[in-house]
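Chains as they are written, first to last, in our numbering: chain P, 346 to 800; chain F, 346 to 800.
Honestly, the hints are just simulated from the structure, not real lab data. Don't take each hint at face value.
One copy or two, either will do: identical chains are not told apart, so a pair holds if it fits within one copy or between any two.
[As the list claims (entries may be wrong)] Pairs of lysine to any residue residues, derived as SDA-like cross-links and limited to a Cα-Cα distance of at most 25 Å, are as follows:
hint	residue 1	residue 2
1	352	531
2	509	499
3	731	639
4	374	636
5	529	417
6	529	626
7	587	564
8	509	546
9	765	585
10	660	366
11	510	544
12	763	704
13	509	498
14	731	650
15	660	732
16	632	497
17	765	606
18	509	554
19	660	793
20	700	357
21	352	429
22	386	570
23	386	361
24	529	475
25	660	796
26	632	398
Number of protein chains: 2
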Amino acid sequence: MADESEKVELEEGTLLLALEHENLEEFRKTFLDQHPYDQAKFFIKIDAELRMIVYQFLSPNEMATIFENIEIDNDEYEMYLAEMDPTFAAQMIGKMYVDDAVDVLNELDKEQVTNYLKIMDDEAAEDIRELLHYEEYTAGSIMTTEYISIHAHQTIHSAMQILKKEAPNAETIYYVYVVDEDNKLVGVISLRDLIIHDDETMISELMNERVYSVNVMEDQEEVARKIMDYDFLALPVLDNEKHLLGIITVDDIVDVIDEEASEDYSKLAAVSDVDSIDRGPFSAARKRLPWLIILLFLGMFTASLIGRFEETLNKVAILAVFIPLIAGMAGNTGTQALAVAVRRITLGDFEEESKLKLIFKEAGTGLITGSICGIVVTIVVFIWQKDIFLGLLVGISILATLTVATIAGAFIPLIMHKLKVDPAVASGPFITTINDIISILIYFGMATMFMQYLL
Amino acid sequence: MADESEKVELEEGTLLLALEHENLEEFRKTFLDQHPYDQAKFFIKIDAELRMIVYQFLSPNEMATIFENIEIDNDEYEMYLAEMDPTFAAQMIGKMYVDDAVDVLNELDKEQVTNYLKIMDDEAAEDIRELLHYEEYTAGSIMTTEYISIHAHQTIHSAMQILKKEAPNAETIYYVYVVDEDNKLVGVISLRDLIIHDDETMISELMNERVYSVNVMEDQEEVARKIMDYDFLALPVLDNEKHLLGIITVDDIVDVIDEEASEDYSKLAAVSDVDSIDRGPFSAARKRLPWLIILLFLGMFTASLIGRFEETLNKVAILAVFIPLIAGMAGNTGTQALAVAVRRITLGDFEEESKLKLIFKEAGTGLITGSICGIVVTIVVFIWQKDIFLGLLVGISILATLTVATIAGAFIPLIMHKLKVDPAVASGPFITTINDIISILIYFGMATMFMQYLL
Chain P
346 MADESEKVEL EEGTLLLALE HENLEEFRKT FLDQHPYDQA KFFIKIDAEL
396 RMIVYQFLSP NEMATIFENI EIDNDEYEMY LAEMDPTFAA QMIGKMYVDD
446 AVDVLNELDK EQVTNYLKIM DDEAAEDIRE LLHYEEYTAG SIMTTEYISI
496 HAHQTIHSAM QILKKEAPNA ETIYYVYVVD EDNKLVGVIS LRDLIIHDDE
546 TMISELMNER VYSVNVMEDQ EEVARKIMDY DFLALPVLDN EKHLLGIITV
596 DDIVDVIDEE ASEDYSKLAA VSDVDSIDRG PFSAARKRLP WLIILLFLGM
646 FTASLIGRFE ETLNKVAILA VFIPLIAGMA GNTGTQALAV AVRRITLGDF
696 EEESKLKLIF KEAGTGLITG SICGIVVTIV VFIWQKDIFL GLLVGISILA
746 TLTVATIAGA FIPLIMHKLK VDPAVASGPF ITTINDIISI LIYFGMATMF
796 MQYLL
Chain F
346 MADESEKVEL EEGTLLLALE HENLEEFRKT FLDQHPYDQA KFFIKIDAEL
396 RMIVYQFLSP NEMATIFENI EIDNDEYEMY LAEMDPTFAA QMIGKMYVDD
446 AVDVLNELDK EQVTNYLKIM DDEAAEDIRE LLHYEEYTAG SIMTTEYISI
496 HAHQTIHSAM QILKKEAPNA ETIYYVYVVD EDNKLVGVIS LRDLIIHDDE
546 TMISELMNER VYSVNVMEDQ EEVARKIMDY DFLALPVLDN EKHLLGIITV
596 DDIVDVIDEE ASEDYSKLAA VSDVDSIDRG PFSAARKRLP WLIILLFLGM
646 FTASLIGRFE ETLNKVAILA VFIPLIAGMA GNTGTQALAV AVRRITLGDF
696 EEESKLKLIF KEAGTGLITG SICGIVVTIV VFIWQKDIFL GLLVGISILA
746 TLTVATIAGA FIPLIMHKLK VDPAVASGPF ITTINDIISI LIYFGMATMF
796 MQYLL
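One chain only, chain P, in its complex shape:
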């Protein structure tokens, strides 16, 4: 058995050739044998001309599978759809798993969505309409309605019949949900249990009545956290009256976790998004410039602050030498405290009462790290510059700066969280600037006050 990835690579040539020669049979034979993710990778690699042939060679259903597995930027969906015949595109969307279909439609204009839904067959259109109105990043926006539900007063045998019938269309068949006559969730049973137990056992005897679920309005991060903690393969989504609306499966959650982690990371680095898609320098520059320009003006503000101490600087030029050191240390310790706070908030294990505790803890941490770094700096500067006053000035500045910067690093994301702003937004740039300002005020303030000892 050759390695699967190698095989897929080898088949790329065959596929390209088949498309160029418009050899339908050869293309379909090789292509449809591949995993949908590999199909999607091939599809986004080829150019528009060849894609036009693919649209002719595949059915809407086959294209739907590709679209379910595609990993592209949101605006690229529109491009691909525009290339297709509108009827073909509408049929394809109708054939997709409804959660994926909604993801695609969410990227289009309202008008376009209405058009596609009009052409689509009614049942699919209705399923999609139901999901379309959920707000982004909520459980409702990532759930699918293609689950399997049974009733408590059935036997395993009759439940398995339903399962066999619905398996081809369900997103997962590994959990089966038990609902009452009002479609309220009353239990869950795993396929594992259905298989192990006797055919005549009643579902009510076997089902687990302690079902974890999420509300349809819940944040997707909460959902991800629950699935991760409890190692679920899927989680049911309920409305406020406990009606079963849909399910969220682990594969969608894996994407959420990856996205959210990338997002936190990107924000700490002050990039709008760090993705794997290869871009040209202009497109990359366009994405990074907004941050850089903001940071530039924040930096100018800091510069103007130093400018106010020009007189002090004129008298004791050596002070300038330590500006990057002090500002840098403030930035570093602030970022550390910030990262801890942001992660804790993201991870969600955060109770109201413990916020104050976090601030106190960070104040303590800042005081300890500040004292130690301050002592080290005092000694090093004294040895280097042979000036104990300069050493003390820099050392005490470091102590004060580190303490304040650490508290600020923890405090700001907590405030953001309170204000319902994603705390990760604040990260890198904001905290660094605040800490630059704090450190410069402390350093030059003290230097100006104790000028006579430095001259």
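Chain P is already provided as a structure; the job is to place chain F on it using the hints.
Chain F alone, transformed into the frame defined by chain P:
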């Protein structure tokens, strides 16, 4: 139906009371009805005295379930095990899923491991020994040997018999692996397919021969990437001769993704690890100080570099005002480029040839962002200080700095990757210092050269 999380919270009181009154029956009734993750959460919350009662109230098998679901720091495993009777502890480890058992044993001394394996029943000990020697962070270290395998010349009916028998012990029953007489992997079949199709169908007719797999030595990040991309619930692990050794399930991968993302994030923020466990300020300070001390000395080096330009500074004190701006901008743009490179390397979609392309792209991006920021700065400084030469000096410094810093940000992680060092290690501190140095050399170098225009 009350919300499950609320119910668990209410039961906490019942459980505590039952333990305090040593009411075995009440405790077991409530506790064993909970989800293992909730059991684990309760267990790590209570104090040592009550834990001693739990060890008496539960069987090794029941404790094993808790330990499989526990989320604690690695050194805490040792503490809990030390509390238990050694025979009880050994039996418990023997009852755990073998991958989880190995995770626990990896945290202990060699001697302790040998002792536990000696007391344990032989079959369990052997399974564990087999997995213990795989290197950390490889596929082998996170796989489990509790999979289900069948042969191609069986019918669905006979395969289902095997499945029913092995289901209680297997980590997943949703994929069944098909092996030949040498235990080489030849195919895979999903439980979904087994259920949908006729009982008399031969496995060979139905199985998918294009099985994605990973080598036992492969990095766990690669495994995570594959499972995420292809939406697998499990992935088989093979040796170099394609023998089936074990499987890795999606729930373990979710943890890997979360860990790796946290790791990258932590390193960008220069903290050793950002976890959700609450620590005191001393413990937090101890974790952050090593980074801060390193950064402090790197900062002193930068300061000494500026010290060499003291004469220039003495003549034109205003130069000092722009040090944080220029160094800060270099740090920002470097971190952006670094984050993009690190994420791309972590995500694994990186071919040898494209490295040069990335560098060129980043050089282009740096030139574009540098030019725009440079022009903005020149104008602002000119308006503010009414000195076109100073404006040009700062502007050109920004242009040069941003270009070089962007290239450095992309180049350094690539070199790290080449040297087989985790590129995320380099991030924050390293890149910022290099860029501080570069920016100061450029800025003061130019200032000293064109001194006559500034006076």
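Hints, one by one, checked against the model:
no.: 1; hint: 352 to 531; result: between (47 Å within a copy, 15 Å between copies)
no.: 2; hint: 509 to 499; result: both (15 Å within a copy, 21 Å between copies)
no.: 3; hint: 731 to 639; result: between (40 Å within a copy, 23 Å between copies)
no.: 4; hint: 374 to 636; result: neither (49 Å within a copy, 57 Å between copies)
no.: 5; hint: 529 to 417; result: neither (37 Å within a copy, 36 Å between copies)
no.: 6; hint: 529 to 626; result: neither (53 Å within a copy, 47 Å between copies)
no.: 7; hint: 587 to 564; result: within (17 Å within a copy, 43 Å between copies)
no.: 8; hint: 509 to 546; result: both (18 Å within a copy, 15 Å between copies)
no.: 9; hint: 765 to 585; result: within (22 Å within a copy, 52 Å between copies)
no.: 10; hint: 660 to 366; result: neither (80 Å within a copy, 74 Å between copies)
no.: 11; hint: 510 to 544; result: both (17 Å within a copy, 15 Å between copies)
no.: 12; hint: 763 to 704; result: within (14 Å within a copy, 41 Å between copies)
no.: 13; hint: 509 to 498; result: both (18 Å within a copy, 23 Å between copies)
no.: 14; hint: 731 to 650; result: between (29 Å within a copy, 17 Å between copies)
no.: 15; hint: 660 to 732; result: both (16 Å within a copy, 22 Å between copies)
no.: 16; hint: 632 to 497; result: neither (54 Å within a copy, 53 Å between copies)
no.: 17; hint: 765 to 606; result: both (19 Å within a copy, 24 Å between copies)
no.: 18; hint: 509 to 554; result: both (23 Å within a copy, 23 Å between copies)
no.: 19; hint: 660 to 793; result: both (10 Å within a copy, 20 Å between copies)
no.: 20; hint: 700 to 357; result: between (55 Å within a copy, 23 Å between copies)
no.: 21; hint: 352 to 429; result: neither (29 Å within a copy, 52 Å between copies)
no.: 22; hint: 386 to 570; result: between (29 Å within a copy, 14 Å between copies)
no.: 23; hint: 386 to 361; result: within (13 Å within a copy, 54 Å between copies)
no.: 24; hint: 529 to 475; result: within (18 Å within a copy, 47 Å between copies)
no.: 25; hint: 660 to 796; result: both (9 Å within a copy, 19 Å between copies)
no.: 26; hint: 632 to 398; result: neither (33 Å within a copy, 58 Å between copies)
In this structure, the hints that do not hold are numbers 4, 5, 6, 10, 16, 21, 26, in rising order.
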